[in-house]
Amino acid sequence: MHRVAAGDEDAMAELYDRFGALVFKVSRQLMPSRAEAEDAVQEVFVRLWRTADRYDPRRAKLVTWVMLITRRHLIDRIRRSSVRPDTSTLEGDPPRSTTDRTPEDKPQDAERNAELLSRIAELPELQKTVIERAYLQGFTLREISEQLDAPLGTVKSALSRGLNRLRERAKSDWAV
Amino acid sequence: MTSPTAMTREEMLELAALDAYGLLDEYEATLYSRAFHQAPPSLQNDLLGLQARIAADETLLPKEEPPAELRERVLRAVSAAIEQDTPTPLASIGRKSSTETIYHETQGQSDPRDHRPTALTRFISANFFWRAATFLLAGVVIAMAYVLTDAAGQHNRLTMAAIQSDVEQVEQLVGPTLRSYLADASTQRIVFTSENPDASNWATLMVREGERKALLIAVGLSPRDDDRPYTLQVRDDEGRVYQIASIEGRSQMLGTRVEVDLLAYGANARWEITSPDGVVMTGSLV
Chain L
1 MHRVAAGDED AMAELYDRFG ALVFKVSRQL MPSRAEAEDA VQEVFVRLWR TADRYDPRRA
61 KLVTWVMLIT RRHLIDRIRR SSVRPDTSTL EGDPPRSTTD RTPEDKPQDA ERNAELLSRI
121 AELPELQKTV IERAYLQGFT LREISEQLDA PLGTVKSALS RGLNRLRERA KSDWAV
Chain X
1001 MTSPTAMTRE EMLELAALDA YGLLDEYEAT LYSRAFHQAP PSLQNDLLGL QARIAADETL
1061 LPKEEPPAEL RERVLRAVSA AIEQDTPTPL ASIGRKSSTE TIYHETQGQS DPRDHRPTAL
1121 TRFISANFFW RAATFLLAGV VIAMAYVLTD AAGQHNRLTM AAIQSDVEQV EQLVGPTLRS
1181 YLADASTQRI VFTSENPDAS NWATLMVREG ERKALLIAVG LSPRDDDRPY TLQVRDDEGR
1241 VYQIASIEGR SQMLGTRVEV DLLAYGANAR WEITSPDGVV MTGSLV
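For the protein sequence lines, the chains are L and X, in the order given.
Every letter in the first sequence is one number past the one before it in our numbering, and letter 74, counting from 1, is 74.
Every letter in the second sequence is one number past the one before it in our numbering, and letter 145, counting from 1, is 1145.
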């Protein structure tokens, strides 16, 4: 990462080769269109370069740090545009803007996240709601706590447990 | 809020997972970070391992792969950003940059998507970029000079160099990143004014949209006799106070980088710079 921070283009290429696909997949999950996902990937790698000198290998493994920067950037992008990815399953959704979304994006959204959404739908109500709002729509935990009138600790626990359950179920399905 | 000293192993694992997903706010992330560093090595290893497994886990992600040409576009965007951040002599402001050349070289390619610059490359490559920056910078320098001149009448410790500062001198005082904030159309500003009508304190916090890195420029935050620092803090809509950064007093104009998430505190948040004696300046988003 020292080389990335120093602007070494070969190091940047290596970073992309190692994590580009992963960054793209997360971007694709959270951005409303493929074009926006690709734009977001470019921005993420610029951000990785800008913050490379702050990477501390004692605090996080490289993949953790890359994905942390990626997710933070995508959440910022979602909040900035006020466009929350459509989960198509929520009842009583918080108000959200649909600007910048094209009609053809919606089926793509539903399709690309169909598997995830079906897994989320199987979760207990609170975990389902919190995951949709935090993980897919970019709301902060504090915002969700206020929206649901639930303690912040409850929201955190529900989110953590829900995400853990999703991962475990996905892994067990893959293993079958 | 979770206290770093009171965290159990289970709480740490819970926060580690949320941290890996980028779902902790700045305050919680800082608390987690502190707790992580205080944790025994075996727990640290567990946390690092858990976070890495979560980060690399693709089971919840779409199966789509990125297009092959995205690699080239990413590397071009990074090169352009690197070039943009390289200090540019004032004499070259307004010249056609090589960044722009890189963009135009793509015009002949067959994939129409390659012809569409991202917001980032479009902004970087525009020729008016540095021209606009020049005007902006000049305006800010004039404003700063005015404030400094006004302040100098009352605070002799402000240096004449700062009062007569030109762009480069201002940059020497507040850091080389000033230009990038001034030139970025998405930069948001929080302007602080003094609580004491007789004082000439002044500050502005510039935050680039989508980034948590901000630049605080302040005048009149002189070192205190007791050497204690000032504090940049924000009071959210519900009156909760979040300390953002500790600021060492400086007799000259000061520039310091701080981490801020503007969206975390609400549109009506009240920003404050405080000393141990109380509020020195208050600010709001303009």
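Everything labelled a hint here was simulated from the structure, so no lab data went into it.
As the structure is a prediction and not an experimental result, all values here were calculated from the model.
Even glycine gets a Cβ: it sits at the ideal position worked out from N, Cα and C.
Treat the hints loosely; a few may be bogus.
Heads up, incomplete: computed chain X residues facing chain L, CB under 7 Å, no partners named [stated by the list, open to error]:
(1) 1009
(2) 1011
(3) 1014
(4) 1022
(5) 1025
(6) 1029
(7) 1031
(8) 1043
(9) 1045
(10) 1050
(11) 1059
(12) 1068
(13) 1069
(14) 1070
(15) 1074
Using 30 Å as the maximum straight-line C-alpha spacing, the simulated DSBU-like pairs for lysine-lysine come out as follows [claimed, not checked]:
(16) L:61 <-> L:171
(17) X:1213 <-> L:171
(18) X:1063 <-> L:171
(19) L:171 <-> L:128
(20) L:128 <-> X:1063
(21) L:61 <-> L:128
(22) L:61 <-> X:1213
Among the hints numbered above, which are violated by the structure, and what are their numbers in rising order?
-> Result: hints 1, 2, 6, 7, 8, 9, 10, 12, 13, 17 break, sorted rising.
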